[in-house]
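Residue numbers (my numbering), protein chains in the order written: chain A, 15 to 330; chain B, 283 to 584.
Take these hints with a grain of salt, some might be off.
Stated by the list, open to error - No more than 30 Å apart at the CA atoms, straight line, and that leaves these computed lysine-lysine pairs for DSS-like: (1) LYS284/B / LYS66/A; (2) LYS305/B / LYS202/A; (3) LYS55/A / LYS305/B; (4) LYS66/A / LYS537/B; (5) LYS472/B / LYS354/B.
Claimed, not checked - Now the stretches of chain A that chain B is said to cover, found in silico as 3 or more residues with beta-carbon under 8 Å: (6) 57 to 68; (7) 72 to 82; (8) 293 to 300.
It should be emphasised that the hints constitute simulated quantities derived from the structure, not laboratory data.
Built from N, CA and C at the ideal position, the CB exists for glycine as well.
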Amino acid sequence: MLYDLIIIGGGPAGVTAGIYAARKKLKTLLITKEWGGQITKAKEIYNWPGTKVISGMELIKQMTDQLKTFGIEIKENREVIDLDKKGDNFIVRDNDQEYEAKAVIIATGKIPRALNIPGEAQFRGKGVSFCATCDAPLFKNKTVAVIGGGNAGFALAVDLVDYAKKIYILEFFEEMKGDLVTKEKLEKTGKVEFIVNAAVKEIKGSKPAPYRAEGSGSGFVESLIYEDMKTSKDHEIKVDGVFIAVGMMAKAEFAAKLVELNQIGEIVIDKDNYTKTPGVFVAGDISDIKYEQLVIACGEGAKAALAATDYLKNKQ
Amino acid sequence: MKTHDLIIIGAGPAGISAGIYGKNFGLECLIIGEEKGGLINAAYKVENYPGIFGVSGKELSKKFIAHQKHLKIPFKNGLVEGIVRQKNEFKILTNKDSHQARTLILAFGTQFRKLTIKNIEKFEGKGVSYRVDDRAFLFKNRMVAVIGGANAAAMSAVMISEKAKKVYIIYRREKLRADAIWINRINKIKNIQVIYNSNIVALKGKDGLEKIVLQDKKELEVSSLLVETGCVPNTYLIHELGIAVDENGYIRTEKDQSTNIDGIFAAGDITTGSNEFRQIITACAEGAIAALGALNYISKKK
């Protein structure tokens, strides 16, 4: 099967590209690991033009419902691991099979940056989380740490304040980076303690009970160790959960054969969403566009799909 | 006089989106415009605006306006007649009052292109129209011609066909330019006939429109002609400001929607941005980018 277009990614940029491609009647396949990406973490979105307030989950559901009415082919729960050329066409490979298309749009977005410290991967889903909207209710009357004192970390803390009894916010630099207004709001709750100059070194937890089935007896987060960089002393604080907000990360190595990546791993595009390989287009936060905003990602998705349409037309 | 952080001229999707983002970034902004919603008011159906699906242009426009009101983004109805550059700010003169701002976003869009047919003015309002909005009932049982071949023409023809006796689409090329989805719909509708490779050369009628004459001299009896031949930029303000435009009059913008004049940004259909695709969603995106541009400009100056 040869597709006109394969769209990789099911966030706002990818879904918008899908809507546009479908309306142009391109034979389109959209491959995605999940729907929505980053916006699923947004509890309340106030800046989707035309909608006063909506959760990220609802908005992406409306977009995907819209996409599905146009009947394009969709593969969910697939992660693309390779993109290569085959003659004039492209081969997209996921963890299951490979597909061929005349053009490709990459819209895989960004993922939360990991700390890469001991315990982080081991306790993921067992106290370590990147999403307060998803997991905050699990920490009712518990003590949690938020790693990252920027606006993203503050937003996590705001979500957590309703549940947790105590929240530590740890910032690597000398002062908190997030908005003062939010900081004051958090201070007023009396639940939040701010720790600066903190380099988080390890997340510790209970050992999995021996001889038990996977999952049932696995350990849970119990504490966190950080170094106070002023004094070079290590401190351990008891926490039941660790929420990580140290920025977002581009991961586009799967496409590295055909596109140029900048220093932070984003795909370099021109203003019309073209990459260095004709036929490979990019939309949204995975590209090197300056501003990362929901509506901008959608605009980029529309542009990329229309550029791909023109590309296919000119190829004929 | 109070100096706003940002004045947005134009209240279509680009302008309202710029207002929403400007407001969210803490800019003190004002939108000045003539028609809230702009050209989307004239769209029969909007199916490609992500997340708001299956609405008429009017309905989508209402949602944008409701959002603007909900966020309490100030709006002034008025026609901007002049922009004067002063030291560190701009003075805006409308047909009613004047305002001042540190930055501007020009988002006044485009207007419908007029046909250059002799005596067409005589029939305007007497059979010749440039937009239907959602008033298909005006064409009930009529013989109608739609001139144009892009999405707007296709959409209007489909809408009108529900009421009209017959709809001719007259297009100068051999294939309609509209999205495949619209062409498929048109092919299925019995009372639409597409006339390709043609143009209208004259209009006839005593009082109102009675006949149109095609370039091969063939005459069609129609009492309504809808002109859907695309849009041209509104240029009335641009020249005196010295803003750089392309050969068709669209404002040249950079990646951050800035223009050649410091402090003036532009967004939406009026610009050369977004690969000139001129979609509602790209207009909104440009509005957001322009608001960020204005924010950065103001923070740098402080």
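Holds or violated: LYS284/B to LYS66/A, with C-alpha atoms at most 30 Å apart: 28 Å, holds
LYS55/A paired with LYS305/B [C-alpha distance capped at 30 Å]: 22 Å, holds
Proximity test - 8 Å, beta-carbon atoms, the stretch 293 to 300 of chain A to chain B, at least three hits: violated (count 0)
Restraint status (C-alpha distance of LYS472/B to LYS354/B at most 30 Å): 48 Å, violated
Hinted pair LYS305/B and LYS202/A, Cα distance within 30 Å: Measuring from Cα to Cα gives roughly 25 Å; hence the hint holds.
Coverage claim, chain B over the stretch 72 to 82 of chain A, checked by counting residues with Cβ within 8 Å (three needed): holds (count 5)
Verdict on chain B covering the stretch 57 to 68 of chain A, where coverage means 3 or more residues with a C-beta closer than 8 Å: Contact hint for the stretch 57 to 68 of chain A vs chain B: holds, 8 residues under 8 Å.
Restraint check for LYS66/A with LYS537/B, where alpha carbons must lie at most 30 Å apart: Distance of about 28 Å is within 30 Å: holds.
The structure fails to meet hints 5, 8 from the earlier list, while all remaining hints are met.
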